[in-house]
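Novice: The lines below spell out each chain.
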Amino acid sequence: MSPKLVPYALLIPGLIVIAALLLYPLFQMVVMSFQKVGLKQIRPKNPVPAEWNDFENYTTVLQSDLFWTSLRNTVVFAVVTGALTLVVGTLVGLLLNRLGRAMSTVVVVGIMAAWAVPPTSQAIIWKWLFDADSGIINWALNLLPDWLSSLVFGRSDWSGQPWLNEPLTIYLVLVMAVLWASFPFVAVSVLAGLKSIPSELYEAARVDGSTGIGTFRKITFPLLKPVFSVLIVLQIIWDFKVFTQLFLIAGGTNMPREAFNLSLWSYIEAFSPPPDMGLGSAIAVVLTVVLLLITFVYVRQIVKAEDVR
Amino acid sequence: MRISKITVATATSAVLALSVAACGGGSSGGTEAEKPSESASSSASGPQYAGKTLKVWRLGAPNEVFEKYMNDLNGKFEQQTGAKVELTWVPWPDSQKKWTAALASGEGPDVTEFGNDQVSAWVAQEALADITEVAKGTPDFQQIPQNLWGYETIDGKIYAVPWGGGTRAVLYRKDWFSELKIEEPKTWEDLIAAAKKIQKEKGSDVDGLAFNGGSDANMSLSPFVWSAGGDFAAFEGGKWVGKLTEPAFKEGFQFYTDLVAKEGVSGKSRLNLNSIEIAQRFAAGKVGMFVTGGWDIASIEEQSKGKIKADQMAFFSIPNKEGTGPAPAFQGGNDIAVWKDTENPELAAEYVKLAAGQEFGGRYAKENGLLPLYPDALAEYANDPAQKAFAETFKVAKGFPADPQWAEANDTKAVLQNAARAVIKGEKDVDAALAAANKELEEILNQQ
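Chain order of the listed sequences is A and B.
Residue numbers for the first sequence follow the numbering used here, so the first one is 1 and each next one is one higher.
Residue numbers for the second sequence follow the numbering used here, so the first one is 1001 and each next one is one higher.
Calculated from the structure, these hints are not laboratory results.
Beta carbons are placed, not taken as given, at the ideal position from N, Cα and C, and that holds for glycine.
Please note that the accuracy of each hint is not assured.
What the hints assert, rightly or not - Label-pair ranges, simulated between beta-carbon atoms:
| hint | chain 1 | residue 1 | chain 2 | residue 2 | range |
| --- | --- | --- | --- | --- | --- |
| 1 | A | Glu56 | B | Glu1359 | 44 to 54 Å |
| 2 | B | Glu1064 | A | Ile18 | 47 to 57 Å |
| 3 | B | Ala1402 | A | Arg300 | 56 to 66 Å |
| 4 | B | Ala1402 | A | Trp52 | 26 to 36 Å |
| 5 | B | Lys1307 | A | Ile18 | 25 to 35 Å |
| 6 | A | Lys45 | B | Asp1155 | 13 to 23 Å |
| 7 | A | Phe296 | B | Gly1150 | 33 to 43 Å |
| 8 | A | Pro49 | B | Asp1155 | 20 to 30 Å |
| 9 | B | Glu1107 | A | Ile18 | 24 to 34 Å |
| 10 | A | Glu56 | B | Glu1322 | 47 to 57 Å |
| 11 | B | Ala1310 | A | Leu148 | 43 to 53 Å |
What the hints assert, rightly or not - In silico negatives: residues of chain A with every beta carbon more than 10 Å from chain B:
| hint | residue |
| --- | --- |
| 12 | Leu39 |
| 13 | Lys40 |
| 14 | Ile42 |
| 15 | Thr69 |
| 16 | Asn97 |
| 17 | Pro145 |
| 18 | Ser149 |
| 19 | Leu194 |
| 20 | Ile219 |
| 21 | Leu248 |
| 22 | Ala305 |
Stated by the list, open to error - Cut-off 30 Å, straight-line C-alpha distance, at most; resulting in silico cross-link-like pairs (DSS-like, lysine-lysine):
| hint | chain 1 | residue 1 | chain 2 | residue 2 |
| --- | --- | --- | --- | --- |
| 23 | B | Lys1097 | A | Lys45 |
| 24 | B | Lys1366 | B | Lys1084 |
| 25 | A | Lys127 | B | Lys1098 |
| 26 | A | Lys127 | B | Lys1157 |
| 27 | B | Lys1174 | A | Lys36 |
| 28 | B | Lys1413 | B | Lys1174 |
| 29 | A | Lys127 | B | Lys1262 |
| 30 | A | Lys36 | B | Lys1239 |
Start from the sequences, fold in the hints, and give me the full structure.
Specialist: And the structure:
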């Protein structure tokens, strides 16, 4: 074999795995999104052939009221949670860099424990914290002095306050749950980046009389930009497709429809009886396209700015 | 490269989930096919179906009474046919999901229990076998009155056998009623008054009369609507016409949403619980009354781990508005059906014949807290004080729109549950919410 071909030959096993596990299902999803596919079509015994249905799934998606609320929920959630995660994560990363060895270990272990909690448990923990009757949040709010509570929230009695009825408060709880579990990853990544910045730069800055914020803006941030670029893309992707936490916090398939995001809506259409996998696939394709567009625009900007080598 | 790979991975994770369902079933064909030859050799010595196994799905949560019944039934079946039974209990709220998975994977039951109002939806998915011949050819089944085969007969073919009749009544804490000197409510006003009294004495986190907003919410809503003279939809001029905006429906719906919104006899934070979840709260002493079926006494007693005994609970018929008698409640019932994908249709039919026959069919209804379908047993029932609430309601019971799409409106799209939540949360007034729900209901019922 010519030496030129060796790298390609070595790539083949990996490509086969990706093709079988990722590309084929992706292809299948796109095909299904153009067909009428339900239980009758996918059953292994006596299936009915799937029929092409002239973009009907897509027109249904785009004409549905649920599309716009789901899209809004998806995008707003991703922007808010992504931004908060990066800000909190960066601050904690900076803190970790300043702490001594022992203290830093304690904090890292603590936040990594939160990161390691499985999404199902995260959701249930936060759901219980916000329980209307026996949740600690309502209990704590009731402990506030009445005048303070009335001043800030316009009310003093929080007993039985339902948090998981309205989309807005559902998403408030969801943002906290997801933020709680995802900032540690950002913090540790930022810490790793900080360790690689030569300390001479900071010494020079100090000699020139730079303050904390100035140093961050002029030295830390520019040098960490490649780290942030990757983190932002990852956060966008992760927060766009949040499913488990929303599903559990909002109460499963019988959650208020105004609180759907695109992945949950796709799931409900595809799997709730009577299942309409064609429609579910069409929603998933729309979600994928939106995500690809955002990522594409963002990555292009990074490449243009030559941050990624 | 890295970035694009991540993106592809993300996009595909959704697809993976979709395709997993499709690939489960393929391999089983081989092993199933070998079984008949095995049994053929043994049939010379033992009963006809020795060595075979029949998969049976029962719906609901098992408790001692049901387990004993199933043991007796399956023991008798094994004795008669030589085949073993593999029993699985499926909780009611999960049943639709389980059937979906069963069809998608090909790994379904051979015989399954069914809610009679769901039969047509699943016949439309080609899930159930045509058992017209079994139904017509079994002498026992001929004793089941003809008017009780309505849900099971579609285009002249029979797809399920009625097993027990069910309707809904109010399950209440008998001990609380006597402690607080509450009389059995005879009007809607009485209901509210009783619920308020319970809440006042037992704590604000107790639901006096629990609001059901879950998958089976319409079982609780419908008595109030029907009692006011309303209905969900009517088949007129070849299509379904929604009736949700009519004043009578509105009156019942208003009363139902007011349980939470105006009267506050059920907690505002619990707008999407189904009857199973309410029963769990009942078992924890957090509910005074709720609408459910007779089977709940046994399961609540077990769930409460002895805290709430059977004699602390009882049923009364949901009263009509004026107090002249019981309100019409959902005329439901459980069926037993043969799964279309079964490898052993004859054996499955044998099981249906035995289970729904006079002996085990009668016991099934009695021990499940359901109404028996055999005339003799039913006559016996009317004299039993514990069953009076159901027997009386059954006389005036009604059904939901008989359409395969009803299940979608009732459960998946949760049309009325969403409307009720919008009203309770103050997002819409009753008229606007019902107008929107009516439009959606018509769309769902009339789609092809």
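Novice: Against the 30 Å threshold, does the CA-CA distance of Lys36 of chain A and Lys1239 of chain B hold or violate the hint?
Specialist: At roughly 24 Å apart (the allowed maximum being 30 Å), Lys1239 of chain B and Lys36 of chain A satisfy the hint.
Novice: Decide if the proposed pair is consistent with the structure: Lys1174 of chain B and Lys36 of chain A, CA atoms, cutoff 30 Å inclusive.
Specialist: violated, 53 Å
Novice: Is the gap between the beta carbons of Lys45 of chain A and Asp1155 of chain B within 13 to 23 Å?
Specialist: holds, 22 Å
Novice: Are all beta-carbon distances from Leu248 of chain A to chain B longer than 10 Å?
Specialist: holds, 13 Å
Novice: Please test the hint of 26 to 36 Å on the beta carbon pair from Ala1402 of chain B and Trp52 of chain A.
Specialist: holds, 32 Å
Novice: Since Ile219 of chain A was said not to touch the interface, does its Cβ keep a gap of more than 10 Å from each Cβ of chain B?
Specialist: Fine: 26 Å to the nearest Cβ keeps Ile219 of chain A off the interface.
Novice: Range hint 33 to 43 Å: satisfied by the CB atoms of Phe296 of chain A and Gly1150 of chain B?
Specialist: violated, 57 Å
Novice: Please verify whether Lys1366 of chain B and Lys1084 of chain B have alpha carbons no more than 30 Å apart.
Specialist: holds, 25 Å
Novice: Going straight from one Cα to the other, do Lys127 of chain A and Lys1157 of chain B come out at no more than 30 Å?
Specialist: violated, 48 Å
Novice: Taking 43 to 53 Å as the stated bounds, is the beta-carbon spacing between Ala1310 of chain B and Leu148 of chain A within them?
Specialist: holds, 49 Å
Novice: Note whether the CB distance of Glu1064 of chain B and Ile18 of chain A lies within 47 to 57 Å or breaks it.
Specialist: holds, 53 Å
Novice: Taking 20 to 30 Å as the hint, is the beta-carbon distance of Pro49 of chain A and Asp1155 of chain B inside that range?
Specialist: Given a distance of about 23 Å, which is inside 20 to 30 Å, the answer is holds.
The earlier numbered hints that this structure contradicts are 5, 7, 12, 13, 14, 26, 27, 28.
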